[in-house]
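The listed protein sequences correspond, in order, to chains C and D.
Heads up, the first sequence is in this note's numbering, so the first residue is 1 and it goes up one at a time.
Heads up, the second sequence is in this note's numbering, so the first residue is 103 and it goes up one at a time.
Be a bit skeptical, because a hint or two may be false.
To be verified - Facing chain C, a subset of chain D residues (Cβ under 7 Å, in silico):
(1) Q154
(2) W196
(3) I207
(4) A215
(5) K216
(6) V220
(7) V226
(8) H230
Please keep in mind that the hints were generated in silico from the structure rather than gathered at the bench.
Quick reminder that beta carbons are idealized off the backbone N, C-alpha and C, glycines included.
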Amino acid sequence: VVFLGVFALQIAIPAAKLRSGSQSRFGWQMFARLGSDPWFGVRYADGSVDTVQVGDYLARVRSDIDLPALLPPHLCRQFDEAVTVLVRWRGVEGRATDYPCP
Amino acid sequence: MSQWLGPLPSELIPAVIGAWGVAGFVFLFGWHTRTAGGVLSLAMLMTLLGDQQLYSNHLYLALTLTVLLTVADAGAAISLDARRSGTRAEVPLWPVTLLKLQVTIVYGFAALAKLNLVYVSGAVLNAHLGWGSILPFPDGLRRWEVMSVLALLSILTEAFLAVALWSPRLRSVGFGLGLAFHIAIVLGMDPAAELIVFSLLMFSLYLLHLDAPVDSRLVIWDDSCSFCGSTVRCLRRWDWLRVHRVVGASTLEELPAGVSRADTIEALQLVTPQGRAAGFEAVRTILEVLPISFLWAPWLGGRVIRRVGARAYAAVAIRRRCRIVDRAS
Numbered sequence: 001v002v003f004l005g006v007f008a009l010q011i012a013i014p015a016a017k018l019r020s021g022s023q024s025r026f027g028w029q030m031f032a033r034l035g036s037d038p039w040f041g042v043r044y045a046d047g048s049v050d051t052v053q054v055g056d057y058l059a060r061v062r063s064d065i066d067l068p069a070l071l072p073p074h075l076c077r078q079f080d081e082a083v084t085v086l087v088r089w090r091g092v093e094g095r096a097t098d099y100p101c102p
Numbered sequence: 103m104s105q106w107l108g109p110l111p112s113e114l115i116p117a118v119i120g121a122w123g124v125a126g127f128v129f130l131f132g133w134h135t136r137t138a139g140g141v142l143s144l145a146m147l148m149t150l151l152g153d154q155q156l157y158s159n160h161l162y163l164a165l166t167l168t169v170l171l172t173v174a175d176a177g178a179a180i181s182l183d184a185r186r187s188g189t190r191a192e193v194p195l196w197p198v199t200l201l202k203l204q205v206t207i208v209y210g211f212a213a214l215a216k217l218n219l220v221y222v223s224g225a226v227l228n229a230h231l232g233w234g235s236i237l238p239f240p241d242g243l244r245r246w247e248v249m250s251v252l253a254l255l256s257i258l259t260e261a262f263l264a265v266a267l268w269s270p271r272l273r274s275v276g277f278g279l280g281l282a283f284h285i286a287i288v289l290g291m292d293p294a295a296e297l298i299v300f301s302l303l304m305f306s307l308y309l310l311h312l313d314a315p316v317d318s319r320l321v322i323w324d325d326s327c328s329f330c331g332s333t334v335r336c337l338r339r340w341d342w343l344r345v346h347r348v349v350g351a352s353t354l355e356e357l358p359a360g361v362s363r364a365d366t367i368e369a370l371q372l373v374t375p376q377g378r379a380a381g382f383e384a385v386r387t388i389l390e391v392l393p394i395s396f397l398w399a400p401w402l403g404g405r406v407i408r409r410v411g412a413r414a415y416a417a418v419a420i421r422r423r424c425r426i427v428d429r430a431s
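Based on the sequences and whatever the hints tell you, model everything.
Set out below in structure tokens:
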């Protein structure tokens, strides 16, 4: 029973991940797809913008992590004077997210 | 960053890292193997689930293998536990089977995940191959036709490896191809250190696919020869799976069918359930089941290498110094 249970999990999890269409964890999808690789910046009150080196704030840049949702709050804390965190997708015109810092 | 288990208290992090290191060493040497395996698994699990950015397929694989090895009683032999309380001849079959299946699962799903247009076009390989790696990729070859062919080859290789290790006919090819494949990955992609760990983890699973029952092979050597004695000592040292029964020709009252006294003096003799081999062929066949050589030994099976090997063996055999008292018999 334990054998069948573990084996079923070993098969079912990566099989389910195959349907996701993007890189995802627990799916054994090593080097199978390209990540979206967003660009991050911070805008200050005077309108100036600094590019953020994402690698400085992450142990590992993985495309399966929803960085546009998770990273901006952290960047707001790191850049005291930032009023907005900017997120842009390379090569995708018009797709942008601005996260206002509290 | 987003946590799955909730934030790990910062004061706990050195303890987790320390426990990981100590348990890793203790597990490696097989001392209190089950306890060490449990602690090691827990440290890996906390790291894996503690923060999304710490996930890696390599860590996930290491965790899976550690859990299964712990359940499979990996300290039953070739361990400090076995030295302390004796070797156990049997371990549970089901975790060992799951470990063997893990090869198929990893390669199989890796191949299936690559069946997408972006990968087959070569774009993914172009983005990863030769950038920051040990070996650079020639710029002149960085064309979609080349990348696409390499992409297809990588998919076929992974698909082949997923099934080949289960087939007695293809297993040896699988070992040799798997070694070449992982060497190419380590040399051509970044990060090399993580890919080395991944490769070693996979190779440890290959070993379980070796069809090498204890004492299933008979090696007959010329025990009047000191040079042969040193070779046999090496064999005994490296035959961790105890596959070979090594006997001096003079100690055998009756030789196996098809082997004469003259044969044993002329060359090393190997008798397996599949047949008999002598000289270089015997050495090559022996190397195919030793843990230190089973991955590269299949490459010795090429026609040219066999011919050169046979000549080299004959040249050494004719010049060996004999009739010196041997300590290996």
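Against the structure, the hints come out as follows:
no., hint, result
1, Q154, "holds (5 Å)"
2, W196, "holds (4 Å)"
3, I207, "holds (5 Å)"
4, A215, "holds (4 Å)"
5, K216, "holds (5 Å)"
6, V220, "holds (6 Å)"
7, V226, "holds (6 Å)"
8, H230, "holds (6 Å)"
The structure fails none of the hints (numbered hints given earlier).
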